[in-house]
Every structure is written in C-alpha cells, then in structure tokens.
Amino acid sequence: MRMEEHARQRDQMIGGPPRELRLLLLGWKGVGKSSVGNSILGRRYFESGQETELCLRRQALVSGRRITIVDTPGWDWFSVRRTPKRIRQESQRGAALLRPGPHTLLLVLPVVSSLTARKRRTLLAHIETLFGDSACLHTMVLFSCGDWLGRTPIEEHILRGGRELQRLLEYCGNYYHVLDSKTPGKDRSVSVLLDKIEEMIRENGDKAFLPIQTEWLSEESSYSSDNTEPEDDCRGCQLQ
Numbered sequence: 001m002r003m004e005e006h007a008r009q010r011d012q013m014i015g016g017p018p019r020e021l022r023l024l025l026l027g028w029k030g031v032g033k034s035s036v037g038n039s040i041l042g043r044r045y046f047e048s049g050q051e052t053e054l055c056l057r058r059q060a061l062v063s064g065r066r067i068t069i070v071d072t073p074g075w076d077w078f079s080v081r082r083t084p085k086r087i088r089q090e091s092q093r094g095a096a097l098l099r100p101g102p103h104t105l106l107l108v109l110p111v112v113s114s115l116t117a118r119k120r121r122t123l124l125a126h127i128e129t130l131f132g133d134s135a136c137l138h139t140m141v142l143f144s145c146g147d148w149l150g151r152t153p154i155e156e157h158i159l160r161g162g163r164e165l166q167r168l169l170e171y172c173g174n175y176y177h178v179l180d181s182k183t184p185g186k187d188r189s190v191s192v193l194l195d196k197i198e199e200m201i202r203e204n205g206d207k208a209f210l211p212i213q214t215e216w217l218s219e220e221s222s223y224s225s226d227n228t229e230p231e232d233d234c235r236g237c238q239l240q
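Position 231 (the sequence shown) corresponds to 231 in the working numbering; numbering is contiguous.
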C-alpha cells in the first residue's frame with residue numbers, strides 16, 4: 001500500500017525534476033552485475049562476457065527517476081584476501097563516482113547459486129571491510145537470473161535456500177528483489193525495485209550512504225568512469 005501511495009505521489013509531480021537514485025552494484029565475479037545494470041536502465045549500457053577490471057558509470061531516466069549506476073569488478077567467492085587489493089580499491093572508487101555517495105548498495109546474488117556459511121561470511125567481510133559496519137543499513141540483495149525461478153515465488157526460493165540465505169537477508173534488513181536480467185527493458189519489476197530502494201532511502205532519513213573517503217580518490221589509480229573492460233555475466237548461469 002505504501003508503494004502504491006508513493007507511486008500516486010510521483011504521478012502528481014509529473015513535469016517536475018526527476019528524483020535521482022545513485023546505485024552501486026557489488027558482488028562476486030560472474031554473478032551478472034552488468035546484466036542487472038542493463039535491466040534496471042532498460043538497455044545494454046554495460047557489456048557482458050568478460051571480466052571487469054575498472055568501474056563503469058552509466059545513467060538513464062527510468063520510471064520518472066534519474067538512475068545512475070556504477071558497475072564494479074567482482075570479488076573472490078571465498079576470501080577477502082584472495083580479492084586483489086586493486087579490485088577492493090575499485091569497489092571503493094565506484095562509490096566515489098556516485099558523489100556525494102550512493103543511496104543503495106545492490107548486492108547481486110544469482111538465484112541459481114547456493115549460499116554456504118563461508119560464502120555468506122565472505123560477502124559480509126567484503127562489505128564491512130570496504131564500506132564499514134553501517135553498510136548493512138544501505139544494502140539490498142538483488143537476485144539475478146530470476147527467469148530460472150519459473151513460477152516459483154522468490155519467497156519460496158528463500159525458504160528453500162536455507163538458514164545462510166535467510167541470515168544474509170536479515171543482515172540487509174530483509175530488503176531484497178529479484179530481476180530477470182536476460183531481457184533488458186522488459187522486466188516490469190524494475191519499477192517495484194525502485195520503489196523498494198526509495199523506501200530504504202526514507203528509512204535512512206533520505207540521506208546518501210557514506211561520506212566519500214579522500215583516499216578512495218588517490219592518484220594511484222585515477223581511472224576514468226568511461227574506461228573499462230566488460231563485466232562477466234552469468235555465463236549461462238553455470239555458477240559455483
């Protein structure tokens with residue numbers, strides 16, 4: 001009901017400036033972050049099929065909002081230490097490209113991947129090491145490869161996913177959504193996702209996440225937001 005009310009309020013404001021939402025895509029290597037970014041923006045802004053080395057920022061108008069997304073290189077599945085330092089730094093610089101800060105950290109998780117205790121701890125360790133303990137208040141789990149669910153509701157999938165998946169969602173305040181990242185521009189649930197993101201922002205006092213740290217913008221790696229290698233997609237969802 002709250003989402004319907006907010007939608008009505010947006011409709012009444014047609015003609016005014018669009019609301020900006022700044023989103024940072026995070027997660028393991030090969031989970032489909034680029035495909036998710038394309039689904040949200042409605043077209044293929046991000047290339048898929050190769051590993052990302054540098055962050056890439058893209059923007060579009062979606063459902064009356066100005067959406068800015070930064071795609072980031074993927075993390076190691078099992079250890080923070082096995083994620084190269086330059087990749088960890090790129091995750092932080094991705095946040096710095098969304099000045100004054102991202103509104104939401106979208107943690108991309110493929111529905112076809114099982115979540116063990118070690119994988120969950122590694123995800124949380126990456127988030128907290130890179131962005132601090134308060135990052136959980138601004139993190140939403142975004143399930144990719146949603147077409148693999150068929151007619152199975154995401155809630156049923158979560159129950160089947162076991163305690164580790166439920167603990168991850170609890171860490172994120174039970175904010176989650178599922179996208180069919182195979183068909184950019186055709187997923188009608190994108191508008192619902194944006195409503196959920198705006199609800200999270202209101203819960204956080206309408207404030208962007210993080211004061212951007214100056215060391216994230218060091219000259220050691222002053223990469224352009226438009227220079228990058230394409231991101232891994234789900235590779236047919238043949239995941240670990």
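Hints may contain errors.
Unchecked claim - With a straight-line cut-off of 35 angstroms between C-alpha atoms, the simulated DSBU-like cross-links for lysine-lysine are: (1) K207 x K119; (2) K29 x K119; (3) K29 x K207; (4) K29 x K196; (5) K85 x K207; (6) K207 x K196; (7) K85 x K196; (8) K196 x K119; (9) K29 x K85.
What the hints assert, rightly or not - What follows is a set of in silico ranges between Cβ atoms, one per label pair, in the way DEER data are often shown: (10) D133 x E47: 27 to 37 angstroms; (11) L61 x S114: 11 to 21 angstroms; (12) N174 x V112: 13 to 23 angstroms; (13) D147 x S114: 16 to 26 angstroms; (14) R188 x Q59: 16 to 26 angstroms.
The hints are simulated quantities; they were obtained by calculation from the structure and are not laboratory data. All values reported here derive from a predicted model rather than from experimental measurement. For every residue, glycine included, the Cβ atom is placed at its ideal position computed from N, Cα and C.
Original post:
What hints, given by number in increasing order, does this structure fail?
Top reply: 11
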